[in-house]
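Residues per chain, in single letters:
There are 6 protein chains.
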Amino acid sequence: MAQPNDFFFTGLHLTGNTSNSLGSKVTPANVVQIPGLNTLGISLARIDYAPWGINPPHTHPRASEILTVLEGTLFVGFVTSNPENRLISKVLNKGDVFVFPVGLVHFQQNVGHGNAVAMAALSSQNPGVITIANAVFGSNLPISSEVLAKAFQLDKYMVDRIQAQF
Amino acid sequence: MAQPNDFFFTGLHLTGNTSNSLGSKVTPANVVQIPGLNTLGISLARIDYAPWGINPPHTHPRASEILTVLEGTLFVGFVTSNPENRLISKVLNKGDVFVFPVGLVHFQQNVGHGNAVAMAALSSQNPGVITIANAVFGSNLPISSEVLAKAFQLDKYMVDRIQAQF
Amino acid sequence: MAQPNDFFFTGLHLTGNTSNSLGSKVTPANVVQIPGLNTLGISLARIDYAPWGINPPHTHPRASEILTVLEGTLFVGFVTSNPENRLISKVLNKGDVFVFPVGLVHFQQNVGHGNAVAMAALSSQNPGVITIANAVFGSNLPISSEVLAKAFQLDKYMVDRIQAQF
Amino acid sequence: MAQPNDFFFTGLHLTGNTSNSLGSKVTPANVVQIPGLNTLGISLARIDYAPWGINPPHTHPRASEILTVLEGTLFVGFVTSNPENRLISKVLNKGDVFVFPVGLVHFQQNVGHGNAVAMAALSSQNPGVITIANAVFGSNLPISSEVLAKAFQLDKYMVDRIQAQF
Amino acid sequence: MAQPNDFFFTGLHLTGNTSNSLGSKVTPANVVQIPGLNTLGISLARIDYAPWGINPPHTHPRASEILTVLEGTLFVGFVTSNPENRLISKVLNKGDVFVFPVGLVHFQQNVGHGNAVAMAALSSQNPGVITIANAVFGSNLPISSEVLAKAFQLDKYMVDRIQAQF
Amino acid sequence: MAQPNDFFFTGLHLTGNTSNSLGSKVTPANVVQIPGLNTLGISLARIDYAPWGINPPHTHPRASEILTVLEGTLFVGFVTSNPENRLISKVLNKGDVFVFPVGLVHFQQNVGHGNAVAMAALSSQNPGVITIANAVFGSNLPISSEVLAKAFQLDKYMVDRIQAQF
Numbered sequence: 001m002a003q004p005n006d007f008f009f010t011g012l013h014l015t016g017n018t019s020n021s022l023g024s025k026v027t028p029a030n031v032v033q034i035p036g037l038n039t040l041g042i043s044l045a046r047i048d049y050a051p052w053g054i055n056p057p058h059t060h061p062r063a064s065e066i067l068t069v070l071e072g073t074l075f076v077g078f079v080t081s082n083p084e085n086r087l088i089s090k091v092l093n094k095g096d097v098f099v100f101p102v103g104l105v106h107f108q109q110n111v112g113h114g115n116a117v118a119m120a121a122l123s124s125q126n127p128g129v130i131t132i133a134n135a136v137f138g139s140n141l142p143i144s145s146e147v148l149a150k151a152f153q154l155d156k157y158m159v160d161r162i163q164a165q166f
Numbered sequence: 001m002a003q004p005n006d007f008f009f010t011g012l013h014l015t016g017n018t019s020n021s022l023g024s025k026v027t028p029a030n031v032v033q034i035p036g037l038n039t040l041g042i043s044l045a046r047i048d049y050a051p052w053g054i055n056p057p058h059t060h061p062r063a064s065e066i067l068t069v070l071e072g073t074l075f076v077g078f079v080t081s082n083p084e085n086r087l088i089s090k091v092l093n094k095g096d097v098f099v100f101p102v103g104l105v106h107f108q109q110n111v112g113h114g115n116a117v118a119m120a121a122l123s124s125q126n127p128g129v130i131t132i133a134n135a136v137f138g139s140n141l142p143i144s145s146e147v148l149a150k151a152f153q154l155d156k157y158m159v160d161r162i163q164a165q166f
Numbered sequence: 001m002a003q004p005n006d007f008f009f010t011g012l013h014l015t016g017n018t019s020n021s022l023g024s025k026v027t028p029a030n031v032v033q034i035p036g037l038n039t040l041g042i043s044l045a046r047i048d049y050a051p052w053g054i055n056p057p058h059t060h061p062r063a064s065e066i067l068t069v070l071e072g073t074l075f076v077g078f079v080t081s082n083p084e085n086r087l088i089s090k091v092l093n094k095g096d097v098f099v100f101p102v103g104l105v106h107f108q109q110n111v112g113h114g115n116a117v118a119m120a121a122l123s124s125q126n127p128g129v130i131t132i133a134n135a136v137f138g139s140n141l142p143i144s145s146e147v148l149a150k151a152f153q154l155d156k157y158m159v160d161r162i163q164a165q166f
Numbered sequence: 001m002a003q004p005n006d007f008f009f010t011g012l013h014l015t016g017n018t019s020n021s022l023g024s025k026v027t028p029a030n031v032v033q034i035p036g037l038n039t040l041g042i043s044l045a046r047i048d049y050a051p052w053g054i055n056p057p058h059t060h061p062r063a064s065e066i067l068t069v070l071e072g073t074l075f076v077g078f079v080t081s082n083p084e085n086r087l088i089s090k091v092l093n094k095g096d097v098f099v100f101p102v103g104l105v106h107f108q109q110n111v112g113h114g115n116a117v118a119m120a121a122l123s124s125q126n127p128g129v130i131t132i133a134n135a136v137f138g139s140n141l142p143i144s145s146e147v148l149a150k151a152f153q154l155d156k157y158m159v160d161r162i163q164a165q166f
Numbered sequence: 001m002a003q004p005n006d007f008f009f010t011g012l013h014l015t016g017n018t019s020n021s022l023g024s025k026v027t028p029a030n031v032v033q034i035p036g037l038n039t040l041g042i043s044l045a046r047i048d049y050a051p052w053g054i055n056p057p058h059t060h061p062r063a064s065e066i067l068t069v070l071e072g073t074l075f076v077g078f079v080t081s082n083p084e085n086r087l088i089s090k091v092l093n094k095g096d097v098f099v100f101p102v103g104l105v106h107f108q109q110n111v112g113h114g115n116a117v118a119m120a121a122l123s124s125q126n127p128g129v130i131t132i133a134n135a136v137f138g139s140n141l142p143i144s145s146e147v148l149a150k151a152f153q154l155d156k157y158m159v160d161r162i163q164a165q166f
Numbered sequence: 001m002a003q004p005n006d007f008f009f010t011g012l013h014l015t016g017n018t019s020n021s022l023g024s025k026v027t028p029a030n031v032v033q034i035p036g037l038n039t040l041g042i043s044l045a046r047i048d049y050a051p052w053g054i055n056p057p058h059t060h061p062r063a064s065e066i067l068t069v070l071e072g073t074l075f076v077g078f079v080t081s082n083p084e085n086r087l088i089s090k091v092l093n094k095g096d097v098f099v100f101p102v103g104l105v106h107f108q109q110n111v112g113h114g115n116a117v118a119m120a121a122l123s124s125q126n127p128g129v130i131t132i133a134n135a136v137f138g139s140n141l142p143i144s145s146e147v148l149a150k151a152f153q154l155d156k157y158m159v160d161r162i163q164a165q166f
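Chains as they are written, first to last, in UniProt numbering: chain A, 1 to 166; chain B, 1 to 166; chain C, 1 to 166; chain D, 1 to 166; chain E, 1 to 166; chain F, 1 to 166.
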C-alpha cells in the first residue's frame with residue numbers, strides 16, 4: 001500500500017560539493033530516489049556551480065528539460081541537430097528559465113562572481129545523462145582512437161592523451 | 001527559425017502577490033509563456049504562500065507534479081482514488097520533495113511562521129488546473145444546487161450560500 | 001495461453017442497486033474484471049440512476065469518457081479548467097451521446113420521471129474515479145478543516161459538519 | 001470557444017437499417033460526428049443485426065474494442081496473430097461484454113431468434129474500419145487475381161467471380 | 001548487465017527458403033530474436049520471393065512498415081480503410097522504398113524474372129503479423145462457414161472447400 | 001487524396017559519395033523525403049563506408065535504431081549512459097544486425113578491406129541526427145572554449161585548434 005515516503009525525498013536544499021574538475025554537482029531526485037515516480041514521467045535535479053564551474057555538454061536520452069536559476073548567473077545553451085548545429089544560448093539570472101529539448105546537447109556555465117544554483121525538471125522519471133566527453137573519450141572499453149581521430153579531426157596521439165585523462 | 005527567446009522566460013524569482021483570500025499565488029512557466037515548450041511534455045510553476053496560506057485542493061488533468069520547497073514549511077498531501085480515498089501527506093521543509101500523481105486531488109498549506117515558496121514541475125507543457133472549489137461551486141453557469149446538495153450532503157440553502165461566495 | 005474468459009464479462013444488463021444517498025450505481029467492466037483489457041486502453045461502465053438520482057461530480061485521472069443514454073433523461077455536464085470554469089452541459093435523452101474530456105469534473109443527474117440508464121466508455125483499462133466530495137471531505141485521514149474552510153470559503157464548524165457525514 | 005454541441009451526438013437509439021446483404025448496420029459516433037473527441041482517444045458505435053445478420057470479419061487499424069450486447073444473442077470472436085491463428089470466441093447474451101484487441105480480425109454473428117443490438121467502444125477518436133472481404137476482394141483498383149489466387153489457394157476464375165460481386 | 005549479444009542477431013544475409021505455396025519467406029529480427037529491442041519500438045524483417053512469389057495480403061496490428069527492395073522487382077500495395085478501399089500501389093525496383101501505414105492490408109508480389117529480396121522495418125519491437133487468408137479461412141477453430149459465406153458472398157460449399165486447404 | 005508517390009522514395013540502391021574526411025555517407029528516407037510517413041514513427045537510412053571510413057559518434061534525439069550490414073565488415077558500438085559509460089560493441093558481417101537504443105552515442109567503423117554498406121531503420125519519421133563532434137566543436141556560434149576545455153580536459157589553445165577545423 002502506498003506510503004508517504006514512497007513519494008518523498010529530502011536534500012535539494014543542500015549545496016552540492018563542487019570540488020571537482022568541472023566545478024559543478026548534480027543532485028538528482030528521480031525514480032531511483034523516489035519510487036512513487038514510477039510511470040509518472042517527471043523528475044527533478046538540483047545543480048550547483050562553483051564560480052566559473054560548468055555543467056559540461058551532455059544529453060538526456062529520454063527527457064526534455066526546463067531549468068530555472070535559483071542563485072547566480074549562468075550562460076546556458078543547446079545545439080540544434082544536423083545540419084544547422086546552431087547554438088541557441090542565453091545568459092540567465094535568478095528567476096530566469098530556459099528549455100532544453102529532448103536529446104539535444106546542452107550545457108551551463110557559471111559566469112557570475114559567486115556560486116550559482118539551478119533547479120532542473122525533466123520529462124521522465126528516468127531521464128538518463130550522457131556526459132559527452134565521458135561517453136566519447138572516457139568509455140570503458142575505449143572507442144578506438146582511429147574513430148575518434150577521424151570524428152574530431154585530431155591526430156591519434158592527441159586522442160590518446162585526451163582518453164588518458166578520463 | 002528557433003530563437004533563444006522561444007525557450008526563455010523570466011520572473012520565477014519574483015514573490016507572487018498572496019494578498020488574496022487563499023494567501024497563495026501560482027506563477028506558471030508553461031507553453032503559454034514559453035512557445036518552445038510545445039510537444040516537450042514539461043513545465044514549471046512557482047508557488048508563494050503567505051503565512052498559513054494554502055494552495056487549495058486541485059487537480060491537473062494532464063500532468064503529474066513534483067514539488068520542492070525553496071523556503072518555509074508546507075503541509076502537503078494528495079488523496080488516492082475510490083474506494084480508498086486515503087490522504088497521503090507529509091510536512092515538508094526546505095529542500096524536501098513530494099510527488100502528486102496525475103489527476104489526483106492535492107493541496108499545500110503553509111504551516112511555518114513566515115512566507116513559504118515552492119517550485120513545482122509538471123509532466124505536460126499545458127497541464128491545466130482545476131481548483132476543486134471553483135469548478136464545483138463557482139462554475140459559470142452554476143452546477144444545480146440539487147446536484148451539489150446530494151453530492152456534498154448539504155441542504156440546498158447551504159449550497160446556495162457557498163455558491164454565492166464564488 | 002489466452003482463453004475466451006480472459007476477454008469476457010457478464011452483468012451489464014443488471015440494474016444497479018440505487019438505494020443509496022446518491023440514487024445511482026456504477027457497474028464497471030475494466031481490467032479489474034477483464035484481465036484481457038491489459039494495455040488495451042479501453043473499458044466500460046454501466047450507470048443506473050433512480051428518479052432524481054445523481055452521479056456526483058467526479059473525475060477520471062487517466063481517461064476521457066463518452067457516454068450514451070440507454071433509458072431515461074439525464075442532465076449532464078463538465079466544467080472547464082481554470083480560469084474559465086465554464087459549465088458545458090446538455091439534457092440527454094435516449095440515444096444521445098456526450099463527451100467528458102480527460103480529468104475534468106463532470107456529473108449526471110436524472111431529470112426524467114423514471115429510472116435512467118447510461119453506458120459509458122473510458123479511454124483506459126484502469127481509468128480510476130475520484131468522487132470529489134469524498135476525496136475532499138471524506139478522505140481517510142481528513143484534510144485539515146483549515147484548508148477546506150479557506151478553499152470552500154466556509155467556517156470550520158461547517159467543514160466539520162460536512163466531514164462528519166462522510 | 002467550446003460549446004456543448006461540440007461534445008454531443010444524437011441517434012444511437014435508432015435502429016440501423018439492416019436490409020442489406022450482411023444483415024447488419026454500424027452507426028458510428030467518432031470524431032467525424034463529434035469534433036470534441038479530437039485527441040481524446042475514444043469513440044462509440046451502435047451495431048444492429050437482423051436475425052442471422054453478421055458484422056463480417058474486420059479490423060480497426062488504430063483501436064482496441066470492447067462490446068456489450070444490449071439485445072439478442074451474438075456469437076463473437078477474434079483470431080490471434082501468426083502463427084497460432086486461434087479463434088477466441090464466445091456466445092454473448094444481453095449484458096455480456098467481450099474485448100477485441102487492437103488490429104485483430106474479429107466478427108459478430110446474430111445467433112438468436114430476433115434482432116440483436118450491441119454497443120461498442122473503441123480506443124481511438126478515429127479507429128478506422130477495414131472490412132476484410134472488401135479490402136481484399138473489393139478494392140478499387142482490384143488486387144491482382146494472381147496474388148489473391150495464391151493467397152487464398154483459389155483458382156483465378158474463382159477469384160474473378162468473387163471480385164465481381166464486390 | 002547488458003551484453004553485446006542482447007543487441008545482436010545474425011542471419012539477414014541468408015536467402016529464405018521460398019519452396020512453399022506462396023513462394024516467399026519472411027525472416028524476422030524482432031524482440032523474440034533480440035531481447036535488447038524491448039521497449040525500443042523498432043524491428044526488421046528480410047523477405048525473400050521466388051520468381052512470381054508473393055507475400056500475401058496481411059496486416060501488422062501494432063506497426064507501420066517501410067520496405068526497400070534489395071534485389072529484383074516487386075509490385076506492392078496497400079488498401080485504404082472503409083469506405084474507399086482504394087488500392088495504393090507501385091512497382092518497385094532495387095533501391096525503391098514504400099510505406100505501409102499501421103494496420104492496413106498490404107502485400108508484395110515478385111513481378112521480375114528472378115528472385116527478389118526486400119528489407120522491411122517495422123515501428124514496434126513486436127509488430128505481429130496477421131495473414132488475412134489464414135486468419136479468416138485457416139483459423140483454429142474455424143470461423144463458421146455461414147459467417148464467411150455472407151462476408152465473402154460465397155456459397156457455403158465453396159467456403160468449406162477453401163477452409164479445407166488451410 | 002493519398003497518392004502512391006506520397007509513400008514512395010527511390011535511391012537507396014545508389015552508392016553514397018564517401019569522398020569526404022569521414023569516408024562515409026548517409027542517405028536518409030524519412031518524412032522529409034516521404035510525406036506519407038507523417039505520424040507513422042518509422043524511417044530508413046542507407047549508410048555507405050569507404051574502406052576504413054567511419055560514421056562518427058552521434059545520437060538520434062527521437063529514435064532507436066536497428067542496423068543490418070548489406071556488404072562488408074563493420075565495427076559498431078554504443079556507450080551506455082552515466083555513470084557506467086560502458087562500450088557495448090561488436091564486429092558485424094553481412095547479414096548481422098545491431099541495435100542502438102534511443103539517444104545513446106553510437107558509431108560504425110568499416111574494418112573490412114573494401115567498401116561497406118548498411119541499412120538502418122529508426123523508430124521515428126523524423127529521428128534527427130546529432131553528430132557529436134560537430135555539435136560540440138563545430139556549432140554556429142561556437143560553444144565557448146572555456147566550457148569545452150573544462151569538459152574535455154584540454155587547454156584552450158587545443159580547443160581553438162579543434163574548433164577551427166569544423
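Do not rely on the hints blindly, as some may be mistaken.
Remember, identical chains collapse to one label, so a pair may be satisfied in a single copy or spanning two.
[What the hints assert, rightly or not] As a list, the in silico DSBU-like pairs of lysine-lysine whose alpha-carbon atoms are at most 35 Å apart:
#1 Lys94 x Lys25
#2 Lys156 x Lys25
#3 Lys156 x Lys94
#4 Lys90 x Lys25
Rather than coming from a laboratory, the hints here were simulated on the basis of the structure.
For each hint, the structure was consulted:
{"no.": "1", "hint": "Lys94 x Lys25", "verdict": "both (18 Å within a copy, 19 Å between copies)"}
{"no.": "2", "hint": "Lys156 x Lys25", "verdict": "both (31 Å within a copy, 23 Å between copies)"}
{"no.": "3", "hint": "Lys156 x Lys94", "verdict": "between (43 Å within a copy, 29 Å between copies)"}
{"no.": "4", "hint": "Lys90 x Lys25", "verdict": "both (21 Å within a copy, 28 Å between copies)"}
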